[in-house]
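Undergrad: One-letter residues, chain by chain:
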Amino acid sequence: MNTQGPLLEVQDLQTHFSTDEGVVKAVDGVDFTIRQGETFCLVGESGCGKSVTAFSILQIVQDPGRIVRGSIHLRQDDGQTLDLAAMDPKGRALRRIRGRDIAMIFQEPMTSLSPVHTVGDQISETLRLHAPIDKLQAREQTMAILTRVGIPRPERHFHAYPFQLSGGMRQRVMIAMALICRPSLLIADEPTTALDVTMQAVILDLIKELQGEMGMSVMLITHNLGVVAEVADTVAVMYLGRIVESADVYSLFREPKHPYTTALLRSIPVIGLTKQERLATIRGMVPHPFNRPHGCTFHPRCDHFMPGVCNRSLPPITHLEGGRTVRCFLYGGADTREREER
Amino acid sequence: MSGMKETAISEKPMDTGQPLLEIKNLKMHFPIQKGVFRRITDYVRAVDGASLAVKRGETFGLVGESGCGKTTLGRCIMRVYRPTAGQILYHEDGRTVDLCALNNEELKPYRRKIRMIFQDPHGSLNPRMTVLDIVGDALRVHGIASGTELEDRVSDLLRRVGLRSEYLRRYPHALSGGERQRIGIARALVLEPALVVCDEPVSALDVSVQAQTLNLLQDLQAEFGLTYLFVAHDLSVVEHLSDRTAVMYVGKLVEFADTKALYVNPRHPYTEALLSAVPIADPRMRERGGRIRLEGDVADPAHPPTGCYFHPRCRYARQRCLEEEPILRDLGGDHGVACHFSEEIELRGAVMVNG
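Listed in order, the protein sequences are those of chains A and B.
In terms of my numbering, the first sequence is numbered consecutively and its last residue is 882.
In terms of my numbering, the second sequence is numbered consecutively and its last residue is 358.
Please keep in mind that the hints were generated in silico from the structure rather than gathered at the bench.
Treat the hints loosely; a few may be bogus.
Once the Cα atoms are required to be at most 25 Å apart in a straight line, the calculated SDA-like pairs of lysine to any residue come out as [said to hold, decoys possible]: (1) Lys58/B to Glu817/A; (2) Lys37/B to Val656/A; (3) Lys37/B to Gln704/A; (4) Lys565/A to Phe830/A; (5) Lys37/B to Leu705/A; (6) Lys263/B to Glu203/B.
Chain B extracted, bound-state conformation (with noise of 0.2 Å):
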């Protein structure tokens, strides 16, 4: 890949005063309708009461099952959605703006420094657009660029993520998907954001092509001073590229650590069993034995279950498990979970292969 040097490794500008964005309690209920008046008979509780915050120059994994509320959470960020309670603080100069705040004039600042990149290369381009509008597009729409200034800056922008300036005239279709998700992230960086929402970048790549467009991920990171909330369900994608990670189950977070920590000591049963389900790609650690399995489907967030949501699931549950909803609280040392009994219990972490 010509753009593409070796030289990066990621050695981020960590900035560990505040962070740079904090979300606060945020729920997103969407409303179920039903019948000719299109009543509101319930609510889907895609996020519901979930607190994080992303440190300036690192990536903040976020990990989970389908379903889990992972992406409604990272497009609550984008304001694509007006979340129903909670904030979404974004620090920036000392200053301290709300996103769930501002109405559609009031944000379109912040849509420049905020952007994402989406899981589908294929869906998420404009196939009647070419590769400099797409790309360009925001530049013309903030006003900052146009003209041979703009293609100029496109096709710099194109070189960076590891493509040639031929590029700019070809429509998506006649791009592979490893090109495609290139043209994605150029989009993304084109308005030379703070925080970029990475939602599943790799999940559509493959293999050879993923580890392509992770380690660009990481030069660009290190080049730009990049932060990224990485939403991914992948779980060695995210240890290989996070800092910090967090659990969601239906909606909420259940974990948050160090990554380091997070996988070699989870203190939460859900990770447990999420790690001990990760497929190794070693046939020696077949007979490591003790691979957790989760009775039952995620639970369903319309109707979650009292107290715990991962209750009737957890092979670890009590009668308090059923009653009493845990909140996340920290254990020390920057590791938050949500569970009533994560002192007493013991849980493994997942097996390291060098020992």
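Just chain A, same shape as in the assembly (with noise of 0.2 Å):
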């Protein structure tokens, strides 16, 4: 890990989704920091807001999402800093960002491609968007770009469309397609969910070999807490658009602090470690994003609710020894002098 000056600073980010039965607040103030060339990772169940934080980045919310407060800042190359929540989601300056700082990989590789071009055209298009060369120079650097991704046979494959590949290849296009302008930033929403196992270790193994090249920064989203292990540098874990804890993997793998964190790391099977026992469980379910509980959302299912301090007030971010945060009453932050009034 090359522990460089922060790349991105995301400040009590807020997204919200108003729709007629009401407001969603899917990323209800999330901070973190991606420090240059490190691997950030944000882990959760679905519907905690894990992917739409990494859109809010790009201001590609779809609608009715709104960056309602926050903000977002991303140093550039030439040291200066810009916040992008602040831009017009459909302005240029913002479209000049995308692709060519911050880039983006999704889950479903076949319907993040178009099926009506060639792989080839797809890539090259990216390039010419973002710098002055013509199409035969767009071209070559295609061809470069897919036979490092692992693209077997790239001039033919330059004229495939991504419906006559597989989905690992169309994976690895995908990423050929976000590396070509050698972004700053990569974002990867759950880049290898719809793989197989061995196909998943071959896309990962590339990631990291790539972000080594090229010195980039990479947001992983994942649920995958196996992948998280394998990959990341630094953990966010998400529960219901709050940041609940983040730690470097070692350390948040090793103690985790939040009973979420705790719970979470107990409920997945082990290979070679939890054969015929039973499985820890949280009980419960993840609350509907309309009806969420009151104080700490995750009070109702934690084993550690404390009546009276965790259902009272949201628990403030804790900093503690190493550079982790947790937000959790354990840690502190409760108002002691209520607590002995009741």
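The two chains are supplied separately, each in an independent frame; assemble them into the complex guided by the hints.
TA: This is the structure we're talking about:
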């Protein structure tokens, strides 16, 4: 991990969806920092807001989603910082960032590639949008990146349509397209969830290698704790729109602090570890976004629930040693005077 | 979860006599039709000579990558398809029936004995039916119960899968993914089956709900003496649940064994590669090294390679593997493998975190 300065700083990000039935606070006050060259993993269950967080960075949140608060500071190559949250989602300035400074790969490559354009055309279009080069140069560079991501016979596959490729090959094409402009940040939203376990290992290795070569930062969004343990430098755990804990990967797995993280880690079967025993479970289920519990949103499922504390107010972010943060009253922030009164 | 008790730890009644289900050289070939006249030009060999035996009371895990034919195999057992060749022998009270040879009318009693749990809890429940109808429909079709008796039986079963009886009148859209999967499980169990084919029952669920569902499946197995054929691609889930496990590759079984033996001491190079690819939820294991990268893609089941189907991706392949197809042979100790060189090559199993 080459730890240089922060590349991306997100502060108090709130992205809400106003629907007829009410406001869904998909992202409700998220803070994190991604440093240059590191792999930052955002982990959580479906509906926790991890994908919306990623979409917010590029301002590609679907209607009726809006960033209502917060800032997203991106440091550019010339040392200047830009607040992406303040930019016009449809403006030219932000369009220049997308694909050049920050690129994204999605879970399902078939739906994110154009079915009516060849692989080569799609990749070289990205390049020609951002760099002043002619068709021939674009073609050469496309060929080079296709070779680099491991597409066999790139001169033939340049003219292939996505449906002619297998799932693993499509994901390689997505990676090639994302990396063609050498972005400083790659956002990968569940890049291996649709793939088989052997292909998953190959794609994760490929991302890691390319990250080393290009020195970019990677923001990986996943629900798979195994993948997190394999690739992350820093991890943030999300639950119902908030980051409940963040830490470096070794500390998080060795000594999880937040009860949700602890429970999550205990509930997955690990090869060679849990045979025939019962799995620890988290009782209940993730509440519906319209009726979020008051106070700490995890309190109805928590084993350490403190009545009168956890259900009264939102726990603040507590900073622990080693740069860790946790949002839980067990680690301070509770108003003790009020507790005694009760 | 209200209905779930922490009592039942899986102590299964292991009747090690005759297997409950035996599959012998099963083939399921789907025709590829082309042109105006829908002429059959070729076949997709989804299942191409699979043999296995499921013992009474056990959980038999079936793993493999997408497209390897594991789901098709499960559906053949349900007789959703009429297999191209081979036998599916169902043993019961000393009698043996070949399910492949039966017509729809003759199959009806066996449709009660073998039931299925599906992967997608959203797609497998009819949105226009209430929970009572979904679960109770099978009772009505088989003429087992109706009216209040049916309702009682369904609400009793719902309680066993951890749902309150208020759920009877609800529609699937009002339920969460985990609750829907419980409905799917209740529907499978309502006819008191002997064998349940679980086709990726937890793949679509979140981590925390997945653990609840796996525990529920174990409890129900102990309670009702069920036999499971557990089809999944997640090797850690299969290891957790299964007594014995088989690995499929392009329509064939390449290895089967006692689960622990298969994971610790695999004898087929494909099993080794699969195990090495599973990410381990412990960052300290990162430096273990030796991850096997499989080159290329899974073979096309319409045009499989010659000899051993795995040879183009196998790092131990020799000339013989190109020419001769290996048969599934017993290495002793109920460990079967389809590889010419199992005895000669040394393979690594899964890393055991606890040493």
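Undergrad: Evaluate each hint against the coordinates.
TA: Taking the hints in turn, this is what the structure says about them:
| no. | hint | verdict |
| --- | --- | --- |
| 1 | Lys58/B to Glu817/A | holds (21 Å) |
| 2 | Lys37/B to Val656/A | holds (23 Å) |
| 3 | Lys37/B to Gln704/A | holds (18 Å) |
| 4 | Lys565/A to Phe830/A | holds (8 Å) |
| 5 | Lys37/B to Leu705/A | holds (21 Å) |
| 6 | Lys263/B to Glu203/B | holds (21 Å) |
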